[in-house]
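Visitor: Given next are the chains, with one letter for each unit.
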Amino acid sequence: MGKRNISSALTPLDSIVRVETPEGVELELRTAGPLPRAFAWLIDISIRGAIHLFLFAVLLTLDRLGYGLFLITLFALEWFYPVLFEVYFGGATPGKRAMGLQVLHDDGTPVALPASTVRNLIRFVDFLPLFYTLGFFSMVLDGRFRRLGDLAGGTFVVYAPSSTPRLGRQGSMRTPPAVRLTRDEQRAVMEFAERAPGLARDRATELASIPTPLVGHSSDPVSRLYAVANHLAGSL
Amino acid sequence: MKQDQFYQQHVEEWEQFEAVLGVVSRSGSNGRAISSDEVTAQADFASLPHRYRRITRQLAIARSRGYSFGLIARLETLALRGHQLLYARRRVMFGGVLRFFVSEFPSRFRAAWRAVVVAAFVFFGSMFLAAGLVAVHPEVIFTMLDPQSLRGIESMYDPGASALGRPRDESDDVVMFGYYIRNNTSIGFQTFSGGLVFGLGTIFFLVFNGLHIGAIGAHLVAHGFATPFWSFVSGHSSFELTAILISGTAGLQLGWRLLSPGRRTRRRALVEEARSSVRLIYGAGVLFFLAATVEAFWSSIVELVPVVKYSVGVAFWVVLWAYLLIAGRGADGN
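In order, the protein sequence lines correspond to chains A and B. The first sequence: position 97 = 97 (my numbering), numbered continuously. Add 1000 to the 1-based position in the second sequence for my numbering, that's all there is to it.
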């Protein structure tokens, strides 16, 4: 905790949270803010609404008994829907899954029953006085976007890791850099080669022409930088 | 070592690790049979911790050598998935649920006896206070309820009614069950989560509900509805009042930990307390369920002589508190 406070003064403002494992490596998790979580909530509430509507239509044929059963399912869905999904279906309700979110313990492990129950019971306090006002303020004031339920349960909501990123090597040219590069600079060049294919051509060119000592005033700075990246990565 | 060399050297290992992860997490989630092409990967179950430690080592090396984002991200994803699989908390199975109710829940209740005493004092204290006030000054009831809802309540306990509790016919028992379970359980859960405001929310809900129950009870007794009132509430009172008491206990413990975190940060203390107090709420939830069942299907019966209902009510109190005070004493070593 103390360590995190010192480093947070030095690192730039970011939603990345580092969790240290018992093996001594740090895992990086990206916490999710109020907006995607609000969307996830809207999806969940719509799903629940649809289930209620369906049940209402079916159970209405059973007259008063059906209405009683409807009230019971209303109660069950209200309190058990989030907990069941979070504990038994990979830490995410259908809404969170759709938004690519996941609930984890603050040590990075999947959320278990006690923590999930706490965070969903305290949802009641987060909702106060209306529409998650307290929860919202808690989220924007906390460095990890935790609402009060998350603080009490020791959980946070992160973006689930996306599919494995690939290593893109562009072209087969290899050119040693014209100047000596620090490690961070080397890394920046390699990362440019990985990400540039996803950028618009003009934007990639604009970015590639910034390190003039490397690319000179070439007409095609992107390929020049690719070649340097290949050299740095040691492409075979 | 250049990055691409490193990659060539280890990529096969990463792919194997990925395959093992896939099989383990799939078979772990639903216990289905594993197809033949997965058998080889299954043989690697035992190797998972070893493989995982190798991955974490490679991740540390890759970071310290400043390899590119793509490579590190891939290793990070693998390490994270391995971490989540190996360090996941054990899931609750049926045996665990049974053990919880046979010994853990009553033991936890006894261990929290200080908070139980405070919660009981606040809850039953305000109940008797309101009852006493209304008995002496009947008009006090109007500071808590408007005349219209009071008339509604009175009509429920009208000796001439066909059922007690709420106006209804027989198939309405299920409706009332649905109503009670939702209403009462929500009160309990709110009482617990109010503990987050340094226990003030919990105290508020305990006092509020105590006053409410006490005032209405005294009002009905004073206005000649004593027999229907007592015969209605006696059956489920043990479960319902105890469940509220336990919710209050758990909420007070939360609040107390925030005020007095000990040698921990307030947040850590809160997290640890919440994860343990919430287990009292599991028990309270079941008691609320029992209360709603008794209230809807037993308390409402008017055909029975009141003496029968009183006896059953007293029996429930005795059984419930004997369970809370005695069950699991051997198991927790007392």
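No lab work stands behind these hints, which were simulated from the structure alone. Where hints are given, some of them may not hold.
[Claimed, not checked] Coverage of chain A stretches by chain B, computed from C-beta distances (three or more under 8 angstroms per stretch; other residues unrestricted):
hint	region
1	105-116
2	178-191
3	199-211
4	219-228
[Claimed, not checked] So, partial list: chain A residues that the calculated Cβ filter (under 8 angstroms) puts toward chain B:
hint	residue
5	LEU13
6	VAL17
7	THR21
Note that CB positions come from ideal geometry on N, CA and C, so glycine has one too.
Visitor: What are the numbers of the hints that this structure violates, sorted from low to high?
Guide: Hints 3, 4, 5, 6 contradicted; others consistent.
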